[in-house]
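Peer 1: Chains P and C, in that order, give the protein sequences.
Every letter in the first sequence is one number past the one before it in numbering that gives the first Met the number 0, and letter 62, counting from 1, is 61.
Every letter in the second sequence is one number past the one before it in numbering that gives the first Met the number 0, and letter 190, counting from 1, is 189.
These aren't lab readings, by the way, just hints derived from the structure by calculation.
Just to be clear, a hint being listed does not mean it is correct.
[What the hints assert, rightly or not] Selected chain P positions facing chain C (Cβ under 8 Å, derived; list incomplete):
#: 1; residue: Leu-1
#: 2; residue: Thr-2
#: 3; residue: Ala-3
#: 4; residue: Ala-12
#: 5; residue: Ala-16
#: 6; residue: Leu-18
#: 7; residue: Val-19
#: 8; residue: Trp-25
#: 9; residue: Gly-74
#: 10; residue: Cys-112
#: 11; residue: Ile-113
#: 12; residue: Gly-114
[Unchecked claim] Here are some chain P residues the structure puts well away from chain C; computed CB gaps all over 10 Å:
#: 13; residue: Ala-14
#: 14; residue: Ala-15
#: 15; residue: Val-17
#: 16; residue: Ala-21
#: 17; residue: Ala-22
#: 18; residue: Gln-31
#: 19; residue: Asn-37
#: 20; residue: Gln-47
#: 21; residue: Gly-52
#: 22; residue: Glu-98
#: 23; residue: His-99
#: 24; residue: Arg-111
#: 25; residue: Ala-121
#: 26; residue: Val-124
#: 27; residue: Met-134
#: 28; residue: Asp-140
[Unchecked claim] Chain C residues, not near chain P, derived (Cβ > 12 Å throughout):
#: 29; residue: Leu-34
#: 30; residue: Ile-58
#: 31; residue: Leu-66
#: 32; residue: Leu-74
#: 33; residue: Ser-75
#: 34; residue: Val-79
#: 35; residue: Glu-88
#: 36; residue: Ala-90
#: 37; residue: Glu-131
#: 38; residue: Leu-145
#: 39; residue: Leu-148
#: 40; residue: Gly-182
Fair warning: this is a prediction, and the values are worked out from it, not measured in the lab.
Where a beta carbon is used, it is the ideal one built from N, C-alpha and C, also for glycine.
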Amino acid sequence: MLTASLYLLILAASAAAVLVMAARHWRARDEQLVDQINALLPQTQCAQCTYPGCRPYAEAIAKGEADINQCPPGGEAGIRQLAALLDVAAKPLNTSHGEHKPLLLAVIDEQRCIGCTLCIQACPVDAIVGAAKHMHTVIADECTGCELCLPPCPVDCIDLVPALPDGQTAPPDYLKLTAEARQLQRELAA
Amino acid sequence: METALLILVGTVLANNFVLARFLGLCPFLGVSTKLDSALGMSLATCFVLTLSSVCSYLIYQYVLLPLDIAYLSTLSFILVIAALVQLTELALRHFNPLLHRSLGIFLPLITSNCAVLGVALLNVREQHNLFESALFGFGAAIGFGLVLLAFAALRERLETADIPSALQGAPIALITAGLMAMGFMGFSGLANL
């Protein structure tokens with residue numbers, strides 16, 4: 000009786016100890032780091048870094064597979080923040096991924112749009128509304144200016160215009176703020 | 000060598016855990032609607048089953064028997080299996096978050112997959128040694144994965160088939176499972192353990 004109870008106690012305790020150690024070892028470090036890196040990325044989802052979106056890029060940085068200078072929309076300011084977080088030296092933007100540009104906004108010339116829905120499928124943030132054979136339009140607040148809708152358009156009816164008035168530059172975390180605001184709206188609506 | 004082959008053929012085909020012993024029916028019906036998740040489920044089960052049959056053998060042989068408390072085997076096996084499943088979940092979340100997300104709720108279900116406990120208890124009853132236990136668990140998982148994948152592929156096709164409305168969904172799935180079990184009866188006698 001005593002042996003049996005003692006045995007069960009030891010078995011349960013050792014199983015619990017192994018699990019707690021595994022959970023600490025595997026989880027605590029990575030997931031938090033990925034979240035922190037992702038919070039510094041601009042959330043344009045433009046895929047210029049060669050990853051499908053900002054979170055996959057954050058995961059690649061956390062794993063050490065990607066460098067911190069592959070994000071043109073984040074620019075030098077973004078690289079500096081990433082370098083500070085990861086405790087590495089800041090480096091100039093790798094321009095093979097693109098140049099840092101002021102914040103842009105996609106505008107569809109509705110006269111020329113033929114309603115082919117190709118840009119809707121290309122948009123990573125679902126900022127284009129419309130249906131087949133009907134005119135499409137861009138929701139300005141959702142658009143991140145990622146330019147991914149330009150290549151699929153068969154009639155070149157999409158233009159990118161500066162999102163902010165002349166001479167005004169976006170604060171470095173502008174897109175991040177809009178992304179957070181969108182997230183908040185979604186949570187409130189749900 | 001002959002025993003090993005016999006155990007493999009026996010667990011995969013002749014005495015298939017799902018279709019001949021009717022163990023592990025919950026994930027068989029629950030995770031078989033899509034081929035992708037069926038594949039993930041079979042891989043996770045394969046890992047857990049092989050590992051748990053080895054662990055339960057070690058615990059039975061080197062702890063339970065010397066202490067003369069073999070009557071606690073069911074309880075200990077459940078504890079070991081639950082801990083292993085949890086460990087698999089943690090590892091999967093770490094190494095393949097995408098697969099972890101697609102398996103979702105079904106991963107903890109391996110704990111209650113009675114095939115896992117069934118393998119551990121049958122290992123004790125059949126007095127397998129360490130290698131045979133591991134092979135028995137592995138074969139059971141392969142058999143489970145085989146019928147799960149075949150069943151998932153069938154159900155994906157049934158999605159688009161013209162089925163009377165009264166039979167759509169679960170009824171046709173259960174009929175299909177029954178027909179598969181009858182088909183697997185053709186293997187009985189192939190390997191008698």
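Peer 1: Each hint should be assessed against the structure and marked as holding or not.
Peer 2: Structure-based check of each hint:
1. Nearest Cβ of chain C to the Cβ of Leu-1/P: about 11 Å, over the 8 Å cut. The hint is violated.
2. Interface hint status for Thr-2/P: upheld, as the beta-carbon distance to the closest one in chain C is roughly 5 Å, under 8 Å.
3. Here the hint on Ala-3/P is kept, as its CB sits about 5 Å from the closest CB of chain C, short of 8 Å.
4. Checking Ala-12/P against chain C: minimum C-beta separation of about 11 Å lies over 8 Å; hint violated.
5. The closest approach between the C-beta of Ala-16/P and any C-beta of chain C is roughly 10 Å, which is over the 8 Å cut-off, so the hint fails.
6. Given the 8 Å rule on beta carbons, the hint for Leu-18/P holds: about 5 Å separates it from the nearest Cβ of chain C.
7. The beta carbon of Val-19/P comes no nearer than 10 Å to any beta carbon in chain C, farther than 8 Å, and the hint placing it at the interface is violated.
8. Because the beta carbon of Trp-25/P sits about 4 Å from the nearest beta carbon in chain C, less than 8 Å, this interface hint is met.
9. Here the hint on Gly-74/P is broken, as its CB sits about 29 Å from the closest CB of chain C, past 8 Å.
10. Against a cut-off of 8 Å between C-beta atoms, the interface hint on Cys-112/P is violated, since the closest Cβ of chain C lies about 34 Å away.
11. With a least beta-carbon distance of about 32 Å to chain C, the hint placing Ile-113/P at the interface is violated under the 8 Å criterion.
12. A hinted interface residue such as Gly-114/P counts as satisfied when its beta carbon comes closer than 8 Å to some beta carbon of chain C; here the least separation is about 29 Å, so the hint is violated.
13. Annotated as non-interface, Ala-14/P brings its C-beta within 10 Å of a C-beta of chain C; the closest such distance is 4 Å.
14. Against chain C, the non-interface label of Ala-15/P is violated: not every CB pair exceeds 10 Å, the least being about 8 Å.
15. Under the 10 Å C-beta cut-off, the non-interface status given to Val-17/P relative to chain C is violated; the minimum distance is some 7 Å.
16. Remark: the non-interface label on Ala-21/P conflicts with the geometry, its nearest Cβ contact in chain C lying 5 Å away (cut-off 10 Å).
17. Not every CB of chain C lies more than 10 Å from the CB of Ala-22/P, the least distance being 6 Å, so the non-interface label is violated.
18. Against the 10 Å criterion, Gln-31/P stays outside the reach of chain C, whose nearest CB is about 13 Å from its own CB.
19. Under the 10 Å C-beta cut-off, the non-interface status given to Asn-37/P relative to chain C holds; the minimum distance is some 13 Å.
20. At the 10 Å boundary, the C-beta of Gln-47/P stays outside the reach of chain C, the nearest C-beta of that chain being 22 Å off.
21. At roughly 13 Å from the closest C-beta of chain C, the C-beta of Gly-52/P stays outside 10 Å, upholding its exclusion from the interface.
22. Residue-level check passed: Glu-98/P sits 32 Å from the nearest beta carbon of chain C, beyond 10 Å.
23. For His-99/P, the requirement that its beta carbon stay farther than 10 Å from each beta carbon of chain C is met, with the minimum near 30 Å.
24. Every Cβ of chain C is farther than 10 Å from the Cβ of Arg-111/P; the closest lies at roughly 39 Å, confirming the non-interface assignment.
25. No beta-carbon of chain C comes within 10 Å of the beta-carbon of Ala-121/P; the shortest separation is about 22 Å.
26. For Val-124/P, the requirement that its beta carbon stay farther than 10 Å from each beta carbon of chain C is met, with the minimum near 20 Å.
27. With 10 Å as the threshold on Cβ separation, the claim that Met-134/P sits away from chain C holds: the shortest Cβ distance comes to roughly 34 Å.
28. Annotated as non-interface, Asp-140/P keeps its C-beta farther than 10 Å from every C-beta of chain C; the closest such distance is 29 Å.
29. With a cut of 12 Å on Cβ distances, Leu-34/C stays outside the contact zone with chain P, its closest approach being about 23 Å.
30. Interface exclusion of Ile-58/C from chain P breaks down, the closest Cβ pair being 8 Å apart, not more than 12 Å.
31. Distance to chain P contradicts Leu-66/C as a non-interface residue, since its nearest Cβ pair spans about 5 Å, not more than 12 Å.
32. At roughly 7 Å, the least C-beta separation between Leu-74/C and chain P is not larger than 12 Å, which violates its mark as non-interface.
33. In this structure Ser-75/C is not separated from chain P by more than 12 Å, as the shortest Cβ-Cβ distance comes to only about 6 Å.
34. A cut-off of 12 Å between C-beta atoms contradicts the statement that Val-79/C is not in contact with chain P; the least separation is 7 Å.
35. With a cut of 12 Å on Cβ distances, Glu-88/C falls inside the contact zone with chain P, its closest approach being about 10 Å.
36. Not every CB of chain P is more than 12 Å from the CB of Ala-90/C (nearest about 7 Å), against its label as outside the interface.
37. Interface exclusion of Glu-131/C from chain P stands, the closest Cβ pair being 24 Å apart, more than 12 Å.
38. No Cβ of chain P approaches the Cβ of Leu-145/C within 12 Å, the least distance being about 30 Å, so the stated non-interface status holds.
39. Every Cβ of chain P is farther than 12 Å from the Cβ of Leu-148/C; the closest lies at roughly 28 Å, confirming the non-interface assignment.
40. The claim that Gly-182/C lies off the interface holds: its Cβ sits roughly 40 Å from the closest Cβ of chain P, which is beyond the 12 Å cut-off.
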